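Chains as they are written, first to last, in the working numbering: chain A, 1 to 605; chain B, 606 to 1210.
These are calculated hints, taken from the structure and not from any lab test. What you are looking at is a predicted structure, and each value in this text was computed from that prediction instead of being measured. Any given hint could be a false lead.
Said to hold, decoys possible - List time: in silico DMTMM-like cross-link candidates among lysine to aspartate or glutamate, alpha-carbon distance up to 25 Å:
#: 1; chain 1: B; residue 1: 1109; chain 2: A; residue 2: 178
#: 2; chain 1: B; residue 1: 1137; chain 2: B; residue 2: 1124
#: 3; chain 1: A; residue 1: 532; chain 2: A; residue 2: 419
#: 4; chain 1: B; residue 1: 656; chain 2: B; residue 2: 863
#: 5; chain 1: A; residue 1: 414; chain 2: A; residue 2: 91
#: 6; chain 1: A; residue 1: 504; chain 2: B; residue 2: 738
#: 7; chain 1: B; residue 1: 1137; chain 2: B; residue 2: 1208
#: 8; chain 1: A; residue 1: 504; chain 2: A; residue 2: 584
#: 9; chain 1: B; residue 1: 1109; chain 2: A; residue 2: 132
#: 10; chain 1: B; residue 1: 654; chain 2: B; residue 2: 867
#: 11; chain 1: A; residue 1: 504; chain 2: B; residue 2: 737
#: 12; chain 1: B; residue 1: 656; chain 2: B; residue 2: 867
Said to hold, decoys possible - Per the computed footprint, the stretches of chain B lying under chain A, defined by three or more beta-carbons under 8 Å from a beta-carbon of chain A, are:
#: 13; segment: 724-737
#: 14; segment: 740-754
#: 15; segment: 766-775
#: 16; segment: 909-921
#: 17; segment: 1108-1117
Said to hold, decoys possible - Okay, the calculated beta carbon distance ranges per label pair:
#: 18; chain 1: B; residue 1: 1186; chain 2: A; residue 2: 166; range: 29 to 39 Å
#: 19; chain 1: B; residue 1: 637; chain 2: A; residue 2: 122; range: 55 to 65 Å
#: 20; chain 1: B; residue 1: 862; chain 2: A; residue 2: 170; range: 35 to 45 Å
#: 21; chain 1: A; residue 1: 144; chain 2: B; residue 2: 1138; range: 48 to 58 Å
#: 22; chain 1: A; residue 1: 178; chain 2: B; residue 2: 613; range: 51 to 61 Å
#: 23; chain 1: B; residue 1: 719; chain 2: A; residue 2: 318; range: 40 to 50 Å
#: 24; chain 1: A; residue 1: 235; chain 2: B; residue 2: 862; range: 34 to 44 Å
#: 25; chain 1: A; residue 1: 144; chain 2: B; residue 2: 1186; range: 16 to 26 Å
#: 26; chain 1: B; residue 1: 1153; chain 2: A; residue 2: 318; range: 51 to 61 Å
#: 27; chain 1: B; residue 1: 752; chain 2: A; residue 2: 374; range: 29 to 39 Å
#: 28; chain 1: B; residue 1: 862; chain 2: A; residue 2: 299; range: 31 to 41 Å
Think of the CB as a built atom: it goes at the ideal place given N, C-alpha and C, for glycine as much as any other residue.
2 protein chains.
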Amino acid sequence: MIREQLHRIVFQPAARSATCSEGSSILEAARRAAVPLASVCGGKGTCGKCKVKASGSLGPLTTQELGHLRPEEIQAGYRLACQAQVQGAVEVEVPFTADVAYKTALPLLLSGLEPQPNVRKLYLDLPQPSLEDQRPDLERLRAALDCPFETGSLYTLRQFPAVLRQAEWHVTAVLVGDHLAALEGGDSRDRCYGIAFDLGTTTVAAYLVDLNSGQLLSAAASTNRQTTYGTDVMTRIERAHAGGLVELRRAARETLNELILEVCRDAGASPRQVYEAVLAGNTCMAHLFLGIDPHSIGVAPYVPTLVEALDLPARELGLDMAEGGNVHLLPAVAGFVGADTVADLLAAAPADDSRVRLLIDLGTNAEMVLMGRGRMLACAAAAGPAFEGARISCGMRAAPGAIDRVEMVDGRVKVHTLDDRPALGLAGSGLISAVASLRREGFINRRGRLQGKAGAELFASGQWGPELLLASASESGSGRAIVLSQHDISELLLAKAAIEAGFKVLLQESGIAVQAIEEVLIAGAFGNYVDKLDAITVGLIPSLPAEQVKGVGNAAGAGAVLALLALEKRRRAQEIARQIEYVELSAHLGFHEEFIQAMSFPEIA
Amino acid sequence: MIREQLHRIVFQPAARSATCSEGSSILEAARRAAVPLASVCGGKGTCGKCKVKASGSLGPLTTQELGHLRPEEIQAGYRLACQAQVQGAVEVEVPFTADVAYKTALPLLLSGLEPQPNVRKLYLDLPQPSLEDQRPDLERLRAALDCPFETGSLYTLRQFPAVLRQAEWHVTAVLVGDHLAALEGGDSRDRCYGIAFDLGTTTVAAYLVDLNSGQLLSAAASTNRQTTYGTDVMTRIERAHAGGLVELRRAARETLNELILEVCRDAGASPRQVYEAVLAGNTCMAHLFLGIDPHSIGVAPYVPTLVEALDLPARELGLDMAEGGNVHLLPAVAGFVGADTVADLLAAAPADDSRVRLLIDLGTNAEMVLMGRGRMLACAAAAGPAFEGARISCGMRAAPGAIDRVEMVDGRVKVHTLDDRPALGLAGSGLISAVASLRREGFINRRGRLQGKAGAELFASGQWGPELLLASASESGSGRAIVLSQHDISELLLAKAAIEAGFKVLLQESGIAVQAIEEVLIAGAFGNYVDKLDAITVGLIPSLPAEQVKGVGNAAGAGAVLALLALEKRRRAQEIARQIEYVELSAHLGFHEEFIQAMSFPEIA
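Just chain A, same shape as in the assembly (with noise of 0.2 Å):
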């Protein structure tokens, strides 16, 4: 009898980890993992797409990865995923591209959900039309089916004449709903797509689903092209008031369909076989795709055109999809607490967990909501743009080159960066690492202020005062120093006091205490990169046992997969929307009480 051997991959920095036998490919194990890989070719080696860096127990190089991997890259111990074959534990980082940090929450969620898509394709046998039988195509197809139908889209229609007739009266017909989205000659079942969005104000993530096996096939993210518009939501509320609505519509419409061009791709699938999407986009992104000026939610009071849940054409809303497709739009609460925290809540939040919960989203706007005791309370807080790398003097977005760890080891500076490429900037969770390890360290006092000690040699005397050196001139890899500045503590500060005053509003609503949180969830694929520590540390979240903190990753993209693929989700998510009670901070009496009180650095235990 033999006796397989098998092992434990783990793939960082998502955590995830597969068993599989010895032989296997990493990718193989990736696909276990549900980690997914771009991998253009399926696995032939031929692309080199599936780069990723690993550690451990592996076969040789093969004669594919010699082609594709430069020596430095060999070095540094990159493999081709589809290449290299486990043959111990190994150890797999998946290097950062923006599309894995969208990827990592994802298929543990979907794992044993039964799929119960608003899509079904039904195929048909037609009987062929005589002088005897002059029933019209709709008709006779009307007849074939045995639910009634909707022939809502014009598009559809305007294939009946040609595919029934090239098809020989052999065709799969499309529901959406109760809509007859198309008409595809002979039998394509097998081929049922859909799409699911993360329409965020900076990056906007796409995960392509196969809705006959509810599996993931592909993901994909890229930056929102209204970033060049503005970075933030007010720049583009006033530059869509002022007349770029149509312009800020179109870089919106762009952005996902170069995204479902990229998803179906690297999946094979047709574009026009995505006959529905689901988006979860906060709710001033959802206005601007919708092509609805979202000056009034920029003005108090804060007032936006709707929040409640819309299926649109996608023919309608310009995209690329199937022209007979459906496009959900999931419910949202108010102008600042949108459809993605909706859809957070849907992935993260079960209707059968009554804990007291607290689920933060961190970004710009930091949406918490605060669960238990039979009530869900939610606000928004403006944490400013920090997070993002902006206002802070070396920041930068979380790209290869940011340094997102800083640690401080025997009095000195280690700096940690995406992709280990030299260091370029400070990435939102640098930043937080940075303060949280300078804390530790006695060197900010609790009011945020940089204090000499020993070590004081770290700190150079920079433009406005005493700045800690992250990294020289010449060790960045842009020729500049990295530094760590007065302001930029002062800047994390004010947005840990925007969100801390925000939870402590709704706890205080609530009449909820602090100590009675049971678990404290971290949305957002910014979550995922930040050490619950150090987060703990500089007082982001309240201060629990580490295992009672969770980063959720991209709930939001998790959560529209889940609409995506299952009706009820849909139900839920419309039930969540009108659960959550709304509390607007600027009309608050307790939130500027709160805010001054939260703007120091919680004591180091």
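Use these hints to put chain B onto chain A, whose structure you have.
Chain B alone, transformed into the frame defined by chain A:
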């Protein structure tokens, strides 16, 4: 006590009359008689559009009339309807324009109809938002309206922010069916329009209706722009199938859009406040307008893509009306029995009339419906283009200068032309009239051969044999002689045979004897211009006492208006379409036999 002097005004050719008081204008009388006369200036005497030919007791010519009428017009009895004052009995001849033919049958049908349209306008005073009431605009609207509605259209949602705020929350919501079609600032309830179209192969007619009052505001007709791609249906089907579908669709759309502009301008209405359109067209025209390849209608077994009623967004069809408006396409029956026939019946065949009646819609394709004994049987016969002047040696469409009536007086030929212009050619009604006269005088035998008799000097020897001279080269307006040839008579006989064989088959199928027919309805604008006795003489319709033969004018247009005004009429249209049993003549064993038998003219009684 002053006894008001009342006078009777009769309008021709519609034979519609009104009673009005001394000093009223002809235009006022036309309004009372519901004869829609074009009046762009609204009765000020400045546009000169309301020119009519009037005789009887009228006041003297006004300065405005002297400015607009040419001396020869004054001599011929022309007046401006808005200027000429009624002083006694007056007979008015409404000059021939394509429009008028399409206007004449409507008004009586509409009188007494309680509008129950699909469009509702509701005026709302909304509470202003505040930090204490941050409800989204849409939710605010929902709360204020007492009925649930769908927000189908993005265009409507896009209006929200500006309209609500500019109008300071005093708005009018427009519901079309259960869809919110528009949101307008202030109270605009008094401006609520709908448009009915009869989309014919050759002519397209449009009727603008006030949906509040049910009043017909204006009407217009124009040539279907598709005629430049072929005058008959078959040519267009081929053209569409060979890559011309998009052009043909555009041509139809442009024709309709031009008409929308025209009827709105005439009535001083905004096209953006036309919220619904109802369209009756033959099946092929409907397919082309929808952009559906009609090829399968043109070849056996003549199967259309669809015949059922459709509701589609106006913007999807490219109609220049309210962006959130709805277009309702009336149901059809088969490839050659279209929604126009259903609309004919809607207007001319009340559900409670149980008499045996035959409706004939004369045109290139003649549709026939036999009603009675609880059934409705329909067929379509290819009558050929003779009635529209094609394949007739001097044929032309019914337009100014066309001979529409031919009489034999004392052995001499007397012709009447439309608008009394010098003769340019022979209209379909003129062809029938000429052949009927010749039959009565014995110049044509039953087989349709011209035969000498006394008066043989009327015949000239033409290229293909003897010809009847209708206007000499010097009399005609074109400088060329206008004749009726042996070939023309044969063409008419063919058309007549097809039609007669058609209704004979319907009688056969339903087991009804021709003598049992209690009423014949002639539909189509053409029907207004055909003399009933002439039609009986040549055998186009069964021989019935004149009072049992009714020209119902453009009943299809009238039916479309009814469906626009009352939802109940749309339900009735569906009922009619379902009830009609279609008889396919090409597959019918008896048709060929009947056709052979019908290839002779009836005996002269």
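These are the hints, each one checked on the structure:
no., hint, verdict
1, B:1109 - A:178, "44 Å, violated"
2, B:1137 - B:1124, "12 Å, holds"
3, A:532 - A:419, "21 Å, holds"
4, B:656 - B:863, "23 Å, holds"
5, A:414 - A:91, "22 Å, holds"
6, A:504 - B:738, "23 Å, holds"
7, B:1137 - B:1208, "16 Å, holds"
8, A:504 - A:584, "13 Å, holds"
9, B:1109 - A:132, "20 Å, holds"
10, B:654 - B:867, "13 Å, holds"
11, A:504 - B:737, "20 Å, holds"
12, B:656 - B:867, "18 Å, holds"
13, 724-737, "holds (count 4)"
14, 740-754, "holds (count 5)"
15, 766-775, "holds (count 3)"
16, 909-921, "holds (count 8)"
17, 1108-1117, "violated (count 0)"
18, B:1186 - A:166: 29 to 39 Å, "32 Å, holds"
19, B:637 - A:122: 55 to 65 Å, "58 Å, holds"
20, B:862 - A:170: 35 to 45 Å, "40 Å, holds"
21, A:144 - B:1138: 48 to 58 Å, "52 Å, holds"
22, A:178 - B:613: 51 to 61 Å, "57 Å, holds"
23, B:719 - A:318: 40 to 50 Å, "43 Å, holds"
24, A:235 - B:862: 34 to 44 Å, "40 Å, holds"
25, A:144 - B:1186: 16 to 26 Å, "23 Å, holds"
26, B:1153 - A:318: 51 to 61 Å, "59 Å, holds"
27, B:752 - A:374: 29 to 39 Å, "33 Å, holds"
28, B:862 - A:299: 31 to 41 Å, "39 Å, holds"
Of the hints listed earlier, those the structure fails to meet are numbers 1, 17, in rising order.
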